[in-house]
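Those protein sequence lines, which keep their order, are chains A and B. Read in my numbering, the first sequence has 122 at position 122, and its numbers run on one by one without any break. Read in my numbering, the second sequence has 187 at position 187, and its numbers run on one by one without any break.
Hint data in this document are derived by calculation from the structure and do not stem from the laboratory. Among the hints, erroneous ones may be present.
[Unchecked claim] Quick look at which bits of chain B chain A covers, simulated, 3 or more residues with Cβ under 8 Å: (1) 155 to 167; (2) 204 to 212; (3) 217 to 223.
[Said to hold, decoys possible] Taking beta-carbon pairs under 8 Å as the criterion, some of the chain B residues facing chain A (in silico): (4) TYR3; (5) LEU87; (6) LEU152; (7) GLY227; (8) THR228.
Glycine included, C-beta positions come from ideal geometry on N, C-alpha and C.
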Amino acid sequence: MKNKLETIINGVKFKNPIIAASGCYGFGREYNELYDISLLGGISSKGLTLEPRQGNKGIRIWETASGMMNSVGLQNPGVHRFIEEELPWMRKHDTVIIANLGGSLIEDYIEGINLLNKTEVNMIELNISCPNVKTGGMALGIKADIAFEAVKLCKQASKKPLMVKLSPNAENIIEMAQACEAAGADSLSLVNTFNAMAVDVRNKKAVFNNTYAGLSGAAIKPIALRMVHQVCKNVKIPVVGLGGIYTLEDILSFIMVGATAVQVGTANFNEPNILPTLIQQLEQYCEEEKLNHISDIQGII
Amino acid sequence: MEYYQSEIIFNQEIAPDIFLMEVTRNKEEIEPGQFFMLKTWRDELTLMRPISVYNVLPKQVQFMYRVAGKGTELLSNAKPGDAIQLLGPLGTGFPYKEVHGEIALLGGGIGIPPLFETAKKLKALNNKLTVYLGFKKELFAIDDFAGVADHLFIASEEGEEGYRGFITDLLRPEKFDAVFTCGPEVMMEKVWRMCKEKQVPVWLSMERRMACGIGACLGCNCDTIHGTVRACKEGPVFSGDVLVF
C-alpha cells in the first residue's frame, strides 16, 4: 500500500509526498515526542543561516482570521551547530532531510551550501524569501533577475539537489519561477508567507517590531493554490506546494493543480497530530479511488 | 507530553471574567508551574491556547483562566460533558524541590493560578509559606490559598478588601529563603529588582503568545543572559539570575 505514495523528487525518494514545512517544525525533536517522525515523507529544517541568529525582539506570533502571522526572524543555531548537533539526531530517523537555508549575503549562502555539501542532508531548500529579516532576503524573493543570479551561484556551489522556496511577494510569480528554473533550480517550493501587518489599536502602534510579518494558515490557501497552479503550468521542474494546507482535500487540491508533493506548516499548531493523520487519509484515498499511484491525479487541472 | 481528548467536568465563572475549569486527565506527571495547550474548537481558531495548571487532582486537572480574547471566550463557553483537547504538560515549572524554609509566593491577577499547585507542593515538603495575592478589584482563589498558606496577604488596587494598592508594597524579600512570582510583567520586574537588591533567590513565570507550545516554532521568545530562549520549553519559569528585563 505504501508505494502508492512513494514520491521521487530530484532523485530523492520520499516515502510519501507530505513534508513538514520549515519554521513550524524545528528539527523534528518536539513532534517526535508525539509520534514517530519517520512516518513523514520529509522534514524541512528550521531556516538556517551561516551564523547563529537570535531572531526578532518583541511579539513574534499573532493570530488572525483563519491564520496567523509570525515574525520570528530566522532565530536558528547556525549551519555549523545544525551539522554538529541537530543533523546527527535527525539522521537517525528514516525520513528525507531538507536543510532550509536563508541569509542576507550571497557569500553566506554559498558558504552554507559548501558546508551542507559535506553532510548527509538529502536536499537543500533555498529560502530566498523570508519577510522577517530586514536586509537582503526580501529583494531576492521579489525581483526575478536578482533571484536568477543568486540561484545560479548557489546551484554551481551545490552538490545536493537544490529546491528554491518562492515568496508569494514576488513581482510576478511565473517569471520568478521561470528565472529560478533557468538558473538551474532542481525543484521549487511555494509559497512562503505573505507579507502582512497588524496594528495594536489600544497602544496605537504596529504589533510587530519589524512592522510587517509573514501571514500563513488557511487564509492564504486559495492564493497559494492559484500560484502553484500558475507555476506548474509554466515550469518543467517538480513543484512542492504549500500554503494553508490543513486537510486531505487541501493536499489533493495542490496535487491536482500540479504539485508533486506538499508541505504542511501552520496546521501542526492547530492539530499537533495532523501529519500522521493526513498521511493515513492520503493512503486511504488512494485505495478508495483505486489509484495506482498518487501521481495519477497530479496536474489534472 | 501527550496530546489527547478529555472531558470537561465543570467550567464556572468564579469572578467577573475569571473561570475555573476542571477536566479529566491521563496519568501524566504534572509539575507545578507547567501548562497545557488547550482547545475546544477545530476550525474557529488556528492556535491552541496556553493555560497554566491551577490544581492537580488524582484523575482531574483544574485550569483557572481569564477571558481576554476569542480563544478564552470559546473556552468559557464549554459545558460539562463537552470534549476538550489537551497538549501537555508543557514547559519547566517552579523548582519547588530546590528551595527550603520560608518561601514567598507572590501572584498578580491572572498570574495567580500557577501558584496554587506550587503552594500545595511546597507545603507538602514542610516549607513555611507566605502568599501575597494582588488583584485589580474582585478577589478570587482566596479560600484555596488560605487552606495552604501560613500567612496570606491580599491587596486590591480598586477593591474593598485587603490592602489598597499594589501587592508588591507588602513584600519584604529579606524575610524569605526564596520567592516565586507570576503576574503582569511590570509587577514581576519590580519583584525581581526587590529580590536582587536583597540577594534573595527569585523565580518568575513568564507569559507569552504561543503557537506550537512545545518548542518548535520559536514564537515565545524570552531574553536571558544566555540569549533568546523559549518560554514554552526553557520556561515559563525562569530563575531571576538568568532573566533580562
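Going down the list of hints, with the structure as the test:
no.	hint	in the structure
1	155 to 167	violated (count 0)
2	204 to 212	holds (count 4)
3	217 to 223	holds (count 6)
4	TYR3	5 Å, holds
5	LEU87	6 Å, holds
6	LEU152	33 Å, violated
7	GLY227	6 Å, holds
8	THR228	5 Å, holds
In this structure, the hints that do not hold are numbers 1, 6, in rising order.
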